[in-house]
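Engineer: Residues per chain are reported as follows:
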Amino acid sequence: MNDLSSRLAEAALHVTPRWTAGREQAALARLEHGRRARRVRLAAALGALAAVVAVLTVRFESVVFLDEKPGLAGRTIEAPAEGGGAAQRRLLALEDGSRVTTLSSVTRAKVVEETPNDVVIEMSDGQARFEVAPGERRFKVLASPVSVTVLGTVFEVFADARQVTVFVERGRVRVDHLRGTTELSIGQSASFERSASAPVTSAEPAKADSAPSVAQAARSKEAVASSLPRWRILAEQGSQREAYQELSREDGWARLSSAGDLLAAADVARARGDFQRASSLLRRVVNGYPSDARAGLAAFTLGKLLVDQLGAPREAARAFASVRTLEPGGPLAEDAMAREIEALVRGGAREEARSLARIYFRHYPNGRRRALVERYVPEASLHVPEVAPRQ
Amino acid sequence: MNPSRPMAPAASDALPEQTRPLDPEALFRAYAPYVAKVAHQLLGRDDEVDDVIQDVFMAAVRGVHQVRDPGAIKGWLACIAVRSARRRLRFRGLRNLFSSEPPHEYAGVVDPAASPEQRALMARVYRMLDSLPPDDRIAWVLRHVEGEGLERVALLCNCSLATVKRRITRVNGALQEALADE
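The listed protein sequences derive, respectively, from chains A and B.
Take any residue in the first sequence, note its place counting from 1, add 99, and you have its number in the working numbering.
Take any residue in the second sequence, note its place counting from 1, add 244, and you have its number in the working numbering.
A hint or two may mislead.
As the list claims (entries may be wrong) - Sample of chain A residues facing chain B (criterion: CB under 7 angstroms; computed from the structure):
{"#": "1", "residue": "A111"}
{"#": "2", "residue": "H113"}
{"#": "3", "residue": "V114"}
{"#": "4", "residue": "T115"}
{"#": "5", "residue": "A126"}
{"#": "6", "residue": "L127"}
{"#": "7", "residue": "L130"}
Keep in mind the hints are simulated off the structure, nothing from the lab.
What you are looking at is a predicted structure, and each value in this text was computed from that prediction instead of being measured.
Glycine included, C-beta positions come from ideal geometry on N, C-alpha and C.
Chain A extracted, bound-state conformation:
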């Protein structure tokens, strides 16, 4: 064994790699490559992380959860101070998934009741969007003396000292006022005087595809279902994904042939994030059905899409301008003019915005959108004499 040990020791001296200068250079190059690849992977991971953080920030920077605990009764949601812009909208999230988002700088809303069966929100002023989760719970918005009762829908309420306006974006609502009850369906809007509580203006859909009236609502669900295309039933049930798939099948988008269908389909496309298609559908309403009562609403929605989602402020300004043409003096006229000013500023047409802002201040010296216009064109209000509104 001793002999073996010494032979092993001698042989072990020869257990060496063939390490040459060329091999060293190759190994060094491989190491450098590995380090670069690692840096790239690290940068990619950091980039992905930054993107996720950015998306979450953009998504949630506008969100202020006033209370994450169940039971929000008594809590209020108030718009941020002026100058916050759209990015600082505030949101109240209810435990069932329903959401209330402020849309103006003067919004005040308060949860006055929240039980397993009822949610009642009192809104005294401003504008807010309500996204009501489908369910058995009754959801009611009080903008005294008007109350809006809904079940699974998205709608907006404008409330000022004179009137309350309700826009239904999805689903159906029932508006109770002092003189009775009015049902509004997808794409419809109506305004109610706060003193008399009767509709002062309304954007009723054409007869052919009107939403069910009170009498119609008495019909069986089957009868209602049979009168609507399948995608529309799905959309009204809140199944926007299925409705979108149904419309995409055999190019159902191209076969839409009424303003109501186009508006509802645009709503489906918006809900699925397909803003290009939604804008195209809305254009079809504006251009193809200019006399339809909802053409102004379509143009307004188109403007919002173009400026908020598609980054096309100049086109948005033209869409908002068409609202004033389609519905002069209508419930959307003031908002459309204010948004047109905003779009012009964002599109770089400051001089046009300034001229239009002067017109706005003459027409609406105490307008709901005055703060928005002043934010974008602060100098315009200085040159406008105080005159009586010319509405």
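Given the coordinates of chain A, assemble chain B onto it according to the supplied hints.
Structural biologist: Using the frame of chain A, we list chain B on its own:
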């Protein structure tokens, strides 16, 4: 030193003082030959040495700033090389379980300057080592091939001195049995 070897393994002493702040390339040039030698001795095959070098220096570049004593770099790199080699030996053992390939011959384990007898002896030794647990093999190779002291072997294997001794004794017994005809 064997004259046929183009480059001699460097010792930590060979690292110039000014490179101690540890420029990665200087670190590599100073220690790559040593790491290559340790890896070759542990694995017995040249084809996996470059992978171990890559593992070791990728880890070294990331962690070298934590080394306070420049004199400890060599040992630290050896520790990383041992860990990397152990992973590869374990994987090799698993692969051999499910492989129908013939055992490796280890014809190239020694350098060209070795005699045919030395070549044959070391090839037999490494074939026998393939049948032993990687930890036993590593301890024996570090002790009898690399020529490290027992305490340093224990340090590199991250185990006690007694464990190292037991491992080396097991391998010696197996070697005596396998090489009885030598």
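Engineer: Look at each hint and say if it fits the structure.
Structural biologist: Consistency of the hints with the structure:
1. A111: holds, 4 angstroms
2. H113: holds, 4 angstroms
3. V114: holds, 5 angstroms
4. T115: Result: holds, 5 angstroms to nearest chain B Cβ.
5. A126: holds, 5 angstroms
6. L127: holds, 6 angstroms
7. L130: Where the cut-off is 7 angstroms and the nearest Cβ of chain B is about 5 angstroms from A:L130, the hint holds.
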